[in-house]
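If you read the sequences in order, they're chains A and B.
Going by the working numbering, the first sequence opens with residue 1, and the numbers climb by one from there.
Going by the working numbering, the second sequence opens with residue 1, and the numbers climb by one from there.
Because the hints were derived from the structure by calculation, they are not lab data.
What you are looking at is a predicted structure, and each value in this text was computed from that prediction instead of being measured.
A couple of the hints might just be wrong.
To be verified - With a straight-line Cα cutoff of 27 Å, these simulated DSSO-like cross-link-like pairs (lysine-lysine) come out:
#1 K3(A) - K3(B)
#2 K76(A) - K65(A)
#3 K307(A) - K257(A)
#4 K76(A) - K3(B)
#5 K257(A) - K27(B)
#6 K65(B) - K76(A)
#7 K257(A) - K27(A)
#8 K307(B) - K342(B)
#9 K54(B) - K65(B)
#10 K54(A) - K27(A)
#11 K27(B) - K342(B)
#12 K3(A) - K257(B)
#13 K307(B) - K257(B)
#14 K307(A) - K3(A)
#15 K76(A) - K54(A)
2 protein chains.
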Amino acid sequence: MQKQIGERTLLFPNMPYVIGSANIVAKAESDGPFGTCFDTAVEDDTFGEDSFEKAECHMFEQAVKDACRSGGLAHKDLQAMLGGDLLNQIITANYAARDLQIPFLGLYGACSTMSESLLLGSILVDGSYRAPVACVACSHFSTAERQYRYPLEMGTTSPPTAQRTVTGAGCVILSDRWQNGARYRHIRIPSATIGKVIDYGIDDISNMGAAMAPAACDTILQHFRDTGRNASDYDRIVTGDLGSFGTDMLLRLCREKQIPIDDCHFDCGKEIYTTSQKYNCGGSGCGCSAVVLTGHLLPHLESGEWKRILFLATGALMSTTSNQQGETIPGIAHAVVFEHFKAGEQ
Amino acid sequence: MQKQIGERTLLFPNMPYVIGSANIVAKAESDGPFGTCFDTAVEDDTFGEDSFEKAECHMFEQAVKDACRSGGLAHKDLQAMLGGDLLNQIITANYAARDLQIPFLGLYGACSTMSESLLLGSILVDGSYRAPVACVACSHFSTAERQYRYPLEMGTTSPPTAQRTVTGAGCVILSDRWQNGARYRHIRIPSATIGKVIDYGIDDISNMGAAMAPAACDTILQHFRDTGRNASDYDRIVTGDLGSFGTDMLLRLCREKQIPIDDCHFDCGKEIYTTSQKYNCGGSGCGCSAVVLTGHLLPHLESGEWKRILFLATGALMSTTSNQQGETIPGIAHAVVFEHFKAGEQ
Chain A
1 MQKQIGERTL
11 LFPNMPYVIG
21 SANIVAKAES
31 DGPFGTCFDT
41 AVEDDTFGED
51 SFEKAECHMF
61 EQAVKDACRS
71 GGLAHKDLQA
81 MLGGDLLNQI
91 ITANYAARDL
101 QIPFLGLYGA
111 CSTMSESLLL
121 GSILVDGSYR
131 APVACVACSH
141 FSTAERQYRY
151 PLEMGTTSPP
161 TAQRTVTGAG
171 CVILSDRWQN
181 GARYRHIRIP
191 SATIGKVIDY
201 GIDDISNMGA
211 AMAPAACDTI
221 LQHFRDTGRN
231 ASDYDRIVTG
241 DLGSFGTDML
251 LRLCREKQIP
261 IDDCHFDCGK
271 EIYTTSQKYN
281 CGGSGCGCSA
291 VVLTGHLLPH
301 LESGEWKRIL
311 FLATGALMST
321 TSNQQGETIP
331 GIAHAVVFEH
341 FKAGEQ
Chain B
1 MQKQIGERTL
11 LFPNMPYVIG
21 SANIVAKAES
31 DGPFGTCFDT
41 AVEDDTFGED
51 SFEKAECHMF
61 EQAVKDACRS
71 GGLAHKDLQA
81 MLGGDLLNQI
91 ITANYAARDL
101 QIPFLGLYGA
111 CSTMSESLLL
121 GSILVDGSYR
131 APVACVACSH
141 FSTAERQYRY
151 PLEMGTTSPP
161 TAQRTVTGAG
171 CVILSDRWQN
181 GARYRHIRIP
191 SATIGKVIDY
201 GIDDISNMGA
211 AMAPAACDTI
221 LQHFRDTGRN
231 ASDYDRIVTG
241 DLGSFGTDML
251 LRLCREKQIP
261 IDDCHFDCGK
271 EIYTTSQKYN
281 CGGSGCGCSA
291 VVLTGHLLPH
301 LESGEWKRIL
311 FLATGALMST
321 TSNQQGETIP
331 GIAHAVVFEH
341 FKAGEQ
């Protein structure tokens with residue numbers, strides 16, 4: 001069975017089954033257009049913990065447990081967990097993995113983590129190495145602000161290109177079979193495309209969308225070349241958190257490359273807040289695409305309204321140190337295909 | 001073909017081929033017992049760059065290019081690169097991936113990164129998803145000191161349990177076939193065991209060995225249970241960077257669990273420096289196990305002196321933030337089996 005095609009695309013002949021998912025968000029996200037789609041929305045973004053870092057860890061754990069339950073499993077049934085977050089040394093994911101006691105593979109792909117975890121999780125399941133597995137990503141506005149930008153207490157204002165880090169965790173359970181009582185019975189993953197690190201020389205940490213758009217364009221282009229498909233083969237081509245400015249840039253780049261995606265493009269970051277919430281260019285953070293995937297995209301696939309989507313979480317690769325040293329901010333985007341299948345269909 | 005066994009072990013029926021490797025170290029490492037084994041040793045640990053961070057990135061890139069050459073390939077032939085480092089947001093690996101332009105999957109497993117990358121790289125190759133692939137880990141004394149501890153200029157002294165972060169990068173090339181002109185023709189990877197995050201409540205950031213030893217013990221025990229093997233099946237059971245104190249703790253823990261490994265245990269961190277170098281408990285950092293694997297262990301397997309080793313890079317999972325917030329330091333260890341094969345043997 002062929003398992004690779006073109007330069008960077010992997011085929012999954014056993015097509016891993018999406019059986020469960022869950023997400024948890026805070027108030028800003030539940031006030032947005034997808035507010036009613038999220039599984040859990042809390043008013044208090046400390047989740048009762050004594051630091052925002054512990055709150056983020058709490059969210060991560062709850063998303064995994066809830067996703068297992070929605071897939072008809074207990075979290076102890078998981079054979080592996082793949083995931084990460086934005087904090088230094090991915091402490092959120094590491095401490096959650098300690099508490100959950102699931103075999104753990106830590107990833108860092110900045111905001112591309114959700115598609116990286118789905119890509120690697122699909123390989124584990126498709127190749128019969130381990131199943132079921134959990135793919136997880138998580139971010140928190142308050143931990144990200146103080147690590148990457150300024151203390152919240154300073155009350156700094158942000159420039160028009162800035163995006164707000166989503167407080168949210170999302171988890172998808174992949175398995176090698178349908179599960180009785182599971183939330184989903186119609187979604188599978190037939191292929192994925194690995195991203196490359198692309199740098200257009202952006203060095204403005206308040207303009208992450210521009211840093212990530214070229215990487216998204218590169219992976220979409222490569223995915224089309226590898227598979228012989230184009231935008232019309234997808235109901236939606238979804239990017240993680242380019243925001244409004246980055247979205248404009250991506251659409252322009254794709255037109256320049258003769259692969260227009262205007263008709264089917266959807267950016268989770270651009271859509272997660274309403275304009276009346278005044279979060280400038282939209283949402284960001286690896287939780288952004290994770291909660292929109294699990295809250296908004298998967299239900300549309302499950303119902304059959306959409307037959308096939310291309311999901312690209314997009315990451316801006318930098319640290320405060322690299323930025324202070326004058327380095328530019330490259331981006332990366334991995335792509336994962338989700339398809340609707342009729343029950344029993346192979 | 002069976003590809004999983006027991007609770008956490010993966011079997012690789014196609015047994016990925018180790019075809020190339022390379023490493024690069026600085027003066028402290030080349031002054032140690034394995035000084036003559038390393039491929040490249042430099043006097044100037046800035047590598048001619050204007051920051052230690054850029055120097056680390058330079059090392060990472062050079063290790064990948066040299067490893068490809070030793071495997072009879074150009075780095076453009078690589079189908080994927082899996083790796084990471086210790087810096088916030090793994091900037092070393094990300095910027096190296098930008099410059100190398102190889103499809104990239106970023107990992108964070110602290111000092112367990114080398115075995116995590118080998119485990120996931122083996123899956124990509126064994127499952128026919130992508131080959132050849134590069135598995136890489138890298139650390140630098142000066143970048144780690146200033147990020148995790150104190151500015152070098154302070155000249156702080158370190159407690160007896162402390163270890164010195166190795167300045168070094170190591171890369172292993174895995175493929176789905178032997179390669180003409182490649183450095184290795186006798187080493188393959190038949191299986192691996194995923195680690196769990198284990199916490200014994202250690203909270204002393206100068207005693208990482210103690211934080212990691214319980215995780216190493218847990219993975220060794222699970223590997224033995226899953227495979228029905230014991231220490232006598234291995235010429236060496238190798239841990240990454242427990243150092244002398246952590247090694248004592250691991251040996252004691254293994255004896256307590258009735259799986260004594262005293263006769264075949266080898267710790268890269270404990271052995272990389274001589275006692276006359278006075279680096280307290282030895283070396284650490286994810287480069288430590290990566291350079292000892294590529295400089296010392298693989299040649300012994302290639303020659304047939306050793307038939308089978310279990311390689312466990314060991315990671316301490318914490319950040320300066322988590323430590324300041326009073327969190328303990330859990331550990332993780334993934335295990336990878338390397339075996340000697342006669343040429344042509346299946």
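Provide an ascending list of the numbers of those earlier hints which the structure does not satisfy. 5, 6, 7, 11, 12
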